[in-house]
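Colleague: Kindly generate the complete structure, drawing on both the sequences and the hints.
Numbering-wise, the numbering used here puts 120 at position 120 of the sequence shown, and it's gapless, one number per residue.
Worth flagging that the hints you see were computed from the coordinates, not collected in a lab.
Check the hints yourself; a few may be wrong.
In silico lysine to any residue, SDA-like type, Cα no more than 20 Å apart, as pairs [claimed, not checked]:
no.	residue 1	residue 2
1	Lys262	Asp65
2	Lys68	Asp266
3	Lys168	Asp226
4	Lys156	Asp145
5	Lys178	Ala151
6	Lys168	Gln99
7	Lys118	Glu92
8	Lys168	Ala230
9	Lys68	Ile224
10	Lys118	Pro102
11	Lys240	Ser101
12	Lys143	Lys76
13	Lys118	Arg243
14	Lys178	Pro162
15	Lys156	Glu201
16	Lys148	Thr123
17	Lys118	Ala95
18	Lys240	Gln99
19	Lys52	Asp65
20	Lys52	Lys68
21	Lys168	Gln228
22	Lys240	Pro102
23	Lys240	Ala98
24	Lys52	Lys76
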Amino acid sequence: MSLSRTFSGRRVATAVVTAALLVPLAACGNEDTRKSTGGSTSGSTSASSAPKADLTVLAAASLTDVFKTAGAAYEKAHPGTKITFSFAGSQELVAQVAQGSPADALVTADTKSMAKVKADTGTPTVIARNRLVIATGEGNPHKVDELKDLADTKLKVVLAAPEVPAGKYSKQVLDAQKITVNPVSQEPNVRAVLSKVELGEADAGLVYRTDAAAAPDKVDAVEIPDAQNAIAAYPAAMLKESRNAEAAAAFVAWLSTPEAQKILQDAGFQKP
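Modeller: If you want it as structure tokens, here you go:
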């Protein structure tokens, strides 16, 4: 993906379109909102009204499976629109936006990452939430039952890197319980953590509940009590430099509609 930024008169036109579009979107919420938008129809678009375009959406790695399903549903309902997803750690996606990578929308796994590029996005809307679990090998061969078990030096534990949202959440829950873990590796995104456990290269790791659910035949998920857990918020926003401003805004708005919310929640994500 090219990292060069293009400046042209299109920037001004895009800004005008963006401002007009974000008036109704603002009602859907912002990056800090905790109200559910699952029942909202204000962002709904029909096949006849949604602009046709080829969209590139930068999305957090933990959205890999569910967004493939959501993208297919959106394309079916909006003939003529094609969505290409680029999945990575939120910190990497933010770096791409800051460096001017051509894309149309951004969805991160935390509000802080989105806030770093607020000058480059429209008003973010939280579309889903998630929570951490302990992923272990199938059958939980090492009998990991709770967070404090991760401190066992005989256990090979892998975590997401500190700059990754999943890594920040992991540090938050471990620090709160005064648990010291010396990971055998720190990965660039949460899916890499899951892969290490799947392959048997790690005995356990902290991932999102939805990640563990995506590999039910390869890993077991050990629940973390609410009082010890962290809740991840997923804000979505269109990018101001998008060449398809209307279509990008339409897709971001669609993520808060009942159809999209059902797809997200069926995959294990929580309401916004």
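Colleague: Against this structure, judge whether each hint is valid.
Modeller: Verification of the supplied hints:
1. Lys262 - Asp65: OK: Lys262 and Asp65 at ~14 Å, within 20 Å.
2. Lys68 - Asp266: 13 Å, holds
3. Lys168 - Asp226: 17 Å, holds
4. Lys156 - Asp145: 15 Å, holds
5. Lys178 - Ala151: 10 Å, holds
6. Lys168 - Gln99: Status violated; Cα separation ~23 Å.
7. Lys118 - Glu92: Holds, because 16 Å separates the two Cα atoms, which is no more than 20 Å.
8. Lys168 - Ala230: 10 Å, holds
9. Lys68 - Ile224: 28 Å, violated
10. Lys118 - Pro102: Cα-Cα ~16 Å, so holds.
11. Lys240 - Ser101: Cα-Cα ~12 Å, so holds.
12. Lys143 - Lys76: With Cα atoms ~44 Å apart, Lys143 and Lys76 exceed 20 Å; violated.
13. Lys118 - Arg243: 18 Å, holds
14. Lys178 - Pro162: Holds - the C-alpha atoms of Pro162 and Lys178 are around 17 Å apart, at most 20 Å.
15. Lys156 - Glu201: 8 Å, holds
16. Lys148 - Thr123: 39 Å, violated
17. Lys118 - Ala95: Distance of about 13 Å is within 20 Å: holds.
18. Lys240 - Gln99: 13 Å, holds
19. Lys52 - Asp65: Violated: Lys52 and Asp65 sit about 24 Å apart, past 20 Å.
20. Lys52 - Lys68: Cα-Cα ~19 Å, so holds.
21. Lys168 - Gln228: With Cα atoms ~14 Å apart, Lys168 and Gln228 stay inside 20 Å; holds.
22. Lys240 - Pro102: The hint holds at about 11 Å.
23. Lys240 - Ala98: 12 Å, holds
24. Lys52 - Lys76: 12 Å, holds
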